[in-house]
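Given chain C, put chains L, F and Y in place with the hints provided.
4 protein chains.
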Amino acid sequence: MYFEELTIGQSAQFGKTIGEADILMFAAVSGDTNPVHINAEVAAASMFKERIAHGMLSAGLISAVLGTRLPGEGAIYLSQTLKFRAPVKIGDTVTARVEITALDAAKKRATLSTTCTVAGKTVIEGEASVMVPSRA
Amino acid sequence: MYFEELTIGQSAQFGKTIGEADILMFAAVSGDTNPVHINAEVAAASMFKERIAHGMLSAGLISAVLGTRLPGEGAIYLSQTLKFRAPVKIGDTVTARVEITALDAAKKRATLSTTCTVAGKTVIEGEASVMVPSRA
Amino acid sequence: MYFEELTIGQSAQFGKTIGEADILMFAAVSGDTNPVHINAEVAAASMFKERIAHGMLSAGLISAVLGTRLPGEGAIYLSQTLKFRAPVKIGDTVTARVEITALDAAKKRATLSTTCTVAGKTVIEGEASVMVPSRA
Amino acid sequence: MYFEELTIGQSAQFGKTIGEADILMFAAVSGDTNPVHINAEVAAASMFKERIAHGMLSAGLISAVLGTRLPGEGAIYLSQTLKFRAPVKIGDTVTARVEITALDAAKKRATLSTTCTVAGKTVIEGEASVMVPSRA
Chain C
1 MYFEELTIGQ
11 SAQFGKTIGE
21 ADILMFAAVS
31 GDTNPVHINA
41 EVAAASMFKE
51 RIAHGMLSAG
61 LISAVLGTRL
71 PGEGAIYLSQ
81 TLKFRAPVKI
91 GDTVTARVEI
101 TALDAAKKRA
111 TLSTTCTVAG
121 KTVIEGEASV
131 MVPSRA
Chain L
1 MYFEELTIGQ
11 SAQFGKTIGE
21 ADILMFAAVS
31 GDTNPVHINA
41 EVAAASMFKE
51 RIAHGMLSAG
61 LISAVLGTRL
71 PGEGAIYLSQ
81 TLKFRAPVKI
91 GDTVTARVEI
101 TALDAAKKRA
111 TLSTTCTVAG
121 KTVIEGEASV
131 MVPSRA
Chain F
1 MYFEELTIGQ
11 SAQFGKTIGE
21 ADILMFAAVS
31 GDTNPVHINA
41 EVAAASMFKE
51 RIAHGMLSAG
61 LISAVLGTRL
71 PGEGAIYLSQ
81 TLKFRAPVKI
91 GDTVTARVEI
101 TALDAAKKRA
111 TLSTTCTVAG
121 KTVIEGEASV
131 MVPSRA
Chain Y
1 MYFEELTIGQ
11 SAQFGKTIGE
21 ADILMFAAVS
31 GDTNPVHINA
41 EVAAASMFKE
51 RIAHGMLSAG
61 LISAVLGTRL
71 PGEGAIYLSQ
81 TLKFRAPVKI
91 GDTVTARVEI
101 TALDAAKKRA
111 TLSTTCTVAG
121 KTVIEGEASV
131 MVPSRA
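Protein chains in written order, with my numbering: chain C, 1 to 136; chain L, 1 to 136; chain F, 1 to 136; chain Y, 1 to 136.
Keep in mind that a hint or two might mislead.
List of simulated lysine to any residue pairs, SDA-like, C-alpha gap at most 20 Å [unchecked claim]: (1) C/Lys108 with C/Glu5; (2) Y/Lys107 with Y/Pro133; (3) L/Lys107 with C/Ala86; (4) C/Lys89 with F/Leu78; (5) L/Lys89 with C/Ser79; (6) F/Lys107 with F/Val42; (7) C/Lys16 with C/Lys108; (8) F/Lys121 with F/Lys107; (9) F/Lys107 with Y/Met47; (10) L/Lys108 with C/Ser79; (11) L/Lys89 with Y/Gly19; (12) Y/Lys49 with F/Leu78; (13) F/Lys89 with C/Ile90.
In short, the hints are calculated from the structure, not lab data.
Being a predicted model, the structure only gives us computed values, none of them experimental.
In isolation and in its complexed conformation, chain C is listed as follows (with noise of 0.2 Å):
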């Protein structure tokens, strides 16, 4: 979308399923091995009882909604904080949902609550700041 085109209060949203494959694939990506995500006999010995998945890999969904729905291709990504409220455990279905909170028609620049849900309980929160193309 056009920066032209975006209203505060506009909201998209993408949920996914987290398997042991995407632990595995992120571990492999990102190089995180902690055995509270990969090694299930650590993890059922730590405080989350079992194999949780990497809070970033959760943050990836809201990078997947940015960048593919709200606003989309050619959005540029400036800045995200994130606050990791909750574990996401394997078999948990992950909806990140955006809303636009903010728009600087000056610098073309959107603000944009983030949350990631599991079951309707909020496990991320934050906000996004992106740049979005002008139709100009």
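Here is chains L, F and Y on its own, set in the frame of chain C:
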């Protein structure tokens, strides 16, 4: 590491070369199929001139340092801020570096500056907050 | 670690849960498409009763301990012997443990006993030899 | 093949080109994130001058020959010795070759010499022992 072993100024880093397969696998895991990452023709016509890695993929290397080196296993990721300063291209080696900037003994929390660089140039900067297990 | 920091009896371990995706990816990388690993029907009719992981996949965890923990980065893998004692099934957590059993100061070589276990039962045993960087 | 079909001197081979994605996937499966495999800058400063494949990745090709060609499906992998003679680099085609050197009719076991070469140069040598199903 235990909270009691941490001191302000401690640092650690982790580096990884980002290949085409990393981008493919991150797209699969996150669902972020923005063409600037996976379509060489669209990317060539973009301001980046070629495919770039997902910003959140590089951010994953910060998670790797925090979860495996400093503070390492057992730390709980509370929050992360990310400013995306420059693109990462296929073949770039991203080095994530974290440094302890503040310690809250009452809450067993550490604050760390977090930076990703490519050939000395900052591509991401931000700050992380983690809760660290205590010996007590 | 440097050769000078090593002592007989030092040990390290690394554990990982082996999922179906691990077996798929190891088959892809190695080309080992033996049906006992990737065909649930053939495997069910075999003496193992279900799909088992490639022995060399579990052996890879020994490589992980040697290359990232003890002796860690910079060590050069010279040799490995492997005796496959029992199968590893999907969902098993394999823990690889290495322990220094001999040090050759003239050649800067360390010998380590290497064991993989699942729930305390040995699935692989053997011995590794590595060359370790010297401080001198 | 059945034990009764095997003769000393029989051989088989399997070759595969090792790409960057193979190394990434092997790192994921094994947890071996040693920088000499995944960090081009660290690898460039090492004695190898560039990223090298995990030794156990090439060893996986021996497993592929044994499990799919000679003796093939149904054989049970008992043991393997590995001497890592030279590094394998990205783009190298590794050819694993096995040759029967001894047969134990009482135990239905075959011993095989196992070699991996790159452009005719030996990168791994060793010996495998397998138990082979009998027609009887």
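These are the hints, each one checked on the structure:
no. : hint                   : in the structure
1   : C/Lys108 with C/Glu5   : holds (11 Å)
2   : Y/Lys107 with Y/Pro133 : holds (10 Å)
3   : L/Lys107 with C/Ala86  : holds (18 Å)
4   : C/Lys89 with F/Leu78   : violated (40 Å)
5   : L/Lys89 with C/Ser79   : holds (18 Å)
6   : F/Lys107 with F/Val42  : violated (48 Å)
7   : C/Lys16 with C/Lys108  : violated (30 Å)
8   : F/Lys121 with F/Lys107 : violated (34 Å)
9   : F/Lys107 with Y/Met47  : holds (17 Å)
10  : L/Lys108 with C/Ser79  : violated (27 Å)
11  : L/Lys89 with Y/Gly19   : holds (18 Å)
12  : Y/Lys49 with F/Leu78   : holds (18 Å)
13  : F/Lys89 with C/Ile90   : holds (19 Å)
Hints 4, 6, 7, 8, 10 from the list above are not met by this structure, while the remaining hints are.
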